[in-house]
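Colleague: Protein chains in written order, with this note's numbering: chain A, 1 to 130; chain B, 1 to 130; chain C, 1 to 130; chain D, 1 to 130; chain E, 1 to 130; chain F, 1 to 130.
Be aware that a few hints might be false.
Treat identical chains as interchangeable: a pair holds within one or across any two.
To be verified - The calculated lysine to aspartate or glutamate pairs, modelled on DMTMM-like cross-linking and capped at a C-alpha distance of 25 Å, are:
| hint | residue 1 | residue 2 |
| --- | --- | --- |
| 1 | Lys51 | Asp19 |
| 2 | Lys21 | Asp48 |
| 3 | Lys2 | Glu128 |
| 4 | Lys51 | Glu15 |
| 5 | Lys21 | Asp60 |
| 6 | Lys2 | Asp95 |
| 7 | Lys21 | Asp123 |
| 8 | Lys44 | Asp19 |
Calculated from the structure, these hints are not laboratory results.
Protein chains: 6
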Amino acid sequence: MKPIEEKVASAEVQEIFDDIKRTRAVDDVNNFWKYLANEPRMMKSTWDALKTIMGPGALDPLTKELVYLAVSITNNCEYCMARHGAAARAKGATDAQLNELYAVVGLANMTNRLANAYRVPVDEQFRETS
Amino acid sequence: MKPIEEKVASAEVQEIFDDIKRTRAVDDVNNFWKYLANEPRMMKSTWDALKTIMGPGALDPLTKELVYLAVSITNNCEYCMARHGAAARAKGATDAQLNELYAVVGLANMTNRLANAYRVPVDEQFRETS
Amino acid sequence: MKPIEEKVASAEVQEIFDDIKRTRAVDDVNNFWKYLANEPRMMKSTWDALKTIMGPGALDPLTKELVYLAVSITNNCEYCMARHGAAARAKGATDAQLNELYAVVGLANMTNRLANAYRVPVDEQFRETS
Amino acid sequence: MKPIEEKVASAEVQEIFDDIKRTRAVDDVNNFWKYLANEPRMMKSTWDALKTIMGPGALDPLTKELVYLAVSITNNCEYCMARHGAAARAKGATDAQLNELYAVVGLANMTNRLANAYRVPVDEQFRETS
Amino acid sequence: MKPIEEKVASAEVQEIFDDIKRTRAVDDVNNFWKYLANEPRMMKSTWDALKTIMGPGALDPLTKELVYLAVSITNNCEYCMARHGAAARAKGATDAQLNELYAVVGLANMTNRLANAYRVPVDEQFRETS
Amino acid sequence: MKPIEEKVASAEVQEIFDDIKRTRAVDDVNNFWKYLANEPRMMKSTWDALKTIMGPGALDPLTKELVYLAVSITNNCEYCMARHGAAARAKGATDAQLNELYAVVGLANMTNRLANAYRVPVDEQFRETS
Numbered sequence: 001m002k003p004i005e006e007k008v009a010s011a012e013v014q015e016i017f018d019d020i021k022r023t024r025a026v027d028d029v030n031n032f033w034k035y036l037a038n039e040p041r042m043m044k045s046t047w048d049a050l051k052t053i054m055g056p057g058a059l060d061p062l063t064k065e066l067v068y069l070a071v072s073i074t075n076n077c078e079y080c081m082a083r084h085g086a087a088a089r090a091k092g093a094t095d096a097q098l099n100e101l102y103a104v105v106g107l108a109n110m111t112n113r114l115a116n117a118y119r120v121p122v123d124e125q126f127r128e129t130s
Numbered sequence: 001m002k003p004i005e006e007k008v009a010s011a012e013v014q015e016i017f018d019d020i021k022r023t024r025a026v027d028d029v030n031n032f033w034k035y036l037a038n039e040p041r042m043m044k045s046t047w048d049a050l051k052t053i054m055g056p057g058a059l060d061p062l063t064k065e066l067v068y069l070a071v072s073i074t075n076n077c078e079y080c081m082a083r084h085g086a087a088a089r090a091k092g093a094t095d096a097q098l099n100e101l102y103a104v105v106g107l108a109n110m111t112n113r114l115a116n117a118y119r120v121p122v123d124e125q126f127r128e129t130s
Numbered sequence: 001m002k003p004i005e006e007k008v009a010s011a012e013v014q015e016i017f018d019d020i021k022r023t024r025a026v027d028d029v030n031n032f033w034k035y036l037a038n039e040p041r042m043m044k045s046t047w048d049a050l051k052t053i054m055g056p057g058a059l060d061p062l063t064k065e066l067v068y069l070a071v072s073i074t075n076n077c078e079y080c081m082a083r084h085g086a087a088a089r090a091k092g093a094t095d096a097q098l099n100e101l102y103a104v105v106g107l108a109n110m111t112n113r114l115a116n117a118y119r120v121p122v123d124e125q126f127r128e129t130s
Numbered sequence: 001m002k003p004i005e006e007k008v009a010s011a012e013v014q015e016i017f018d019d020i021k022r023t024r025a026v027d028d029v030n031n032f033w034k035y036l037a038n039e040p041r042m043m044k045s046t047w048d049a050l051k052t053i054m055g056p057g058a059l060d061p062l063t064k065e066l067v068y069l070a071v072s073i074t075n076n077c078e079y080c081m082a083r084h085g086a087a088a089r090a091k092g093a094t095d096a097q098l099n100e101l102y103a104v105v106g107l108a109n110m111t112n113r114l115a116n117a118y119r120v121p122v123d124e125q126f127r128e129t130s
Numbered sequence: 001m002k003p004i005e006e007k008v009a010s011a012e013v014q015e016i017f018d019d020i021k022r023t024r025a026v027d028d029v030n031n032f033w034k035y036l037a038n039e040p041r042m043m044k045s046t047w048d049a050l051k052t053i054m055g056p057g058a059l060d061p062l063t064k065e066l067v068y069l070a071v072s073i074t075n076n077c078e079y080c081m082a083r084h085g086a087a088a089r090a091k092g093a094t095d096a097q098l099n100e101l102y103a104v105v106g107l108a109n110m111t112n113r114l115a116n117a118y119r120v121p122v123d124e125q126f127r128e129t130s
Numbered sequence: 001m002k003p004i005e006e007k008v009a010s011a012e013v014q015e016i017f018d019d020i021k022r023t024r025a026v027d028d029v030n031n032f033w034k035y036l037a038n039e040p041r042m043m044k045s046t047w048d049a050l051k052t053i054m055g056p057g058a059l060d061p062l063t064k065e066l067v068y069l070a071v072s073i074t075n076n077c078e079y080c081m082a083r084h085g086a087a088a089r090a091k092g093a094t095d096a097q098l099n100e101l102y103a104v105v106g107l108a109n110m111t112n113r114l115a116n117a118y119r120v121p122v123d124e125q126f127r128e129t130s
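So that you can see chain A by itself, here it is in the shape it has in the complex (with noise of 0.2 Å):
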């Protein structure tokens, strides 16, 4: 599939290229809303919850970019990390904010394994407060 660039986009994807332009105060649109242009359905749902979810609310965004990191990094996804890592650094985020992220990262992903491994058992405390 080929990315649709702002030229020969449609009126509607137009419209969400000026949306995603306005609200993040850019001049062009990073690669991933072009490619997602040829479906504009999932475009504009997509688009719509982000700008909710990342957007101001009960987490402060440097949060949610680090959130958006941290299962980037778990899955592999190269794009993701790239955009979000740039995304938090312009939040913000220092060395050594993302060094430290990294590393709790790498630790869940070991302590998710080992508890799979040993079959732990949920302590009753934590089932109560979860």
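Fit chains B, C, D, E and F to the known structure of chain A by using the hints.
Modeller: Same frame as chain A, now just chains B, C, D, E and F:
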């Protein structure tokens, strides 16, 4: 493998049990440690790493618990979700924050696969800054 | 491990190469088989299984290619996405169908994690009928 | 997090419950929606996307359910396997079709790892057509 | 899907049941085969492959069971962990060996994500020899 | 994040570099460590764990490398496959052994999903012995 209870633990394992209880100000260690006590070398190494990385650092403790939870949800580790969900609560996570976190984790797992499917090339500006 | 080209293949491997070319009406086997030829037992077993299951059966051939592609996207296997994307095209998949498939795969990966996160109990009526 | 039952739902959530019931011609929504109702923004976004993408489109509804099920099996999501297994049945999937689907999913997960292990380079003809 | 018991199995399935019991010197096949008997083509193909690859070969049988268990832990497959844990025991695995295996699996899952996160380029000497 | 070369490393990191080189009798550490040196706490913890667990123990060193490789293939970590493939070679793995390993990893990933798909209940005798 069976869990190792405090009363039958070796001195080496007991010392780690004591350090966990002291550090976390709890009366008993959670099941994960009682099972991991079957491999004292790994138990010691895992505890030392978690104590260091999950303690004071560049990211605040709640952010690190949320990242831990996000990875555990992505990997579908039931024990880890219960354990780190409870820990996030204990560090002050609200319902609104957890609900938003779940949404971010869902969206990241979705866009990770959309980026895979379209084989989206990394934008030049992300290479530079991430 | 290096690929095994036809001219140097053992009689056992050559026979499988020939069957793949005959079955698929192609002049050369794709790279996957040249590498798997390093383990002739696994090559034979894999070819026999694919020939049987991906051939005429209860599901039509295009549906099976789309399912193969969906799994490959979820697992982020670059070779497999290219191979089964091409196979889906050869079996008639349109741009509209592939774009919709990518959307379904994205949504499934998302709701899988939302179901994990909320630990949603299985509805009684699904237990009975699935 | 607890499920939100219809009688206590906000007007915003109730409207989505009603649309799900109307669209699917069911008397009650399944548990997934009652839990996701804890995050109404994500609930609305997810329902809108599923209604659009899983409805009439380029692929027939049963094919899309089978793809959803294939991803859920790959990710080992118990709720999702039960839910989309039941949905596939409701859309006419036979035992023979589901058994064949499981076989395809198994084979795809196997050859994905064989392609990884041998680091098989993508054939030129697949790059052009996929 | 329901398991297929020996007394109601087709001749084709019964023959595989018999070969499994003879090869493994057991009185009854384990549940996996009774379920897979719903798709006799896949059952035959899977049994043939396992009989060949897990039998005498380049690696000793215990090593192969440990590898099987390591993959099953990584994928969080409860049935497979129980089945291959028991098989490893039957082939002589000690508590010390299983505990060490779990540690290796945990560490590999951790360093896999650290390598992802830092996008570590492959060292030249590894390209040559792996 | 950029790799940290020996000449600019802090004393703390240099000490770990030296221990890796001494323990493995190599002239330079591999890239993984130069990147992980950005987070010295995690570097130290990871090295200590790997040195202990991958050193002499209950399982022989080659078996542990093969397990490491099997997990890395399952997770599709390119760096880790190259690194642990080379390490397995250095510890004596033959072509025949690696080919057989790849087959086992493929089969395990397949039967893991078949067990998921059929939701096979764990046999009583496996519960007792695993």
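Colleague: Hints first: check each against the structure and report whether it holds.
Modeller: Quick rundown of the hints versus the structure:
Proximity of Lys51 and Asp19 under a CA criterion of 25 Å is satisfied in both settings, with 10 Å inside one chain copy and 23 Å between copies. In this homomeric assembly, Lys21 and Asp48 come within 25 Å of each other (Cα to Cα) both inside a single copy, at 14 Å, and across copies, at 23 Å. In this assembly of identical chains, Lys2 and Glu128 lie within 25 Å of each other by CA distance solely across copies; the values are 12 Å between and 50 Å within a copy. For the homomeric pair Lys51 and Glu15, the shortest alpha-carbon distances inside one copy (14 Å) and between copies (22 Å) are both at most 25 Å.
For the homomeric pair Lys21 and Asp60, the shortest alpha-carbon distance inside one copy (21 Å) is at most 25 Å, but the shortest distance between copies (31 Å) is not. For the identical chains of this complex, Lys2 and Asp95 are inter-copy neighbours only, at 10 Å across copies versus 35 Å inside a copy, given an alpha-carbon limit of 25 Å. Proximity of Lys21 to Asp123 under the C-alpha cut-off of 25 Å is restricted to the inter-copy arrangement: shortest distance 15 Å between copies versus 48 Å within a copy. Proximity of Lys44 and Asp19 under a CA criterion of 25 Å is satisfied in both settings, with 10 Å inside one chain copy and 20 Å between copies.
When held up to the earlier numbered hints, the structure conflicts with none and fits them all.
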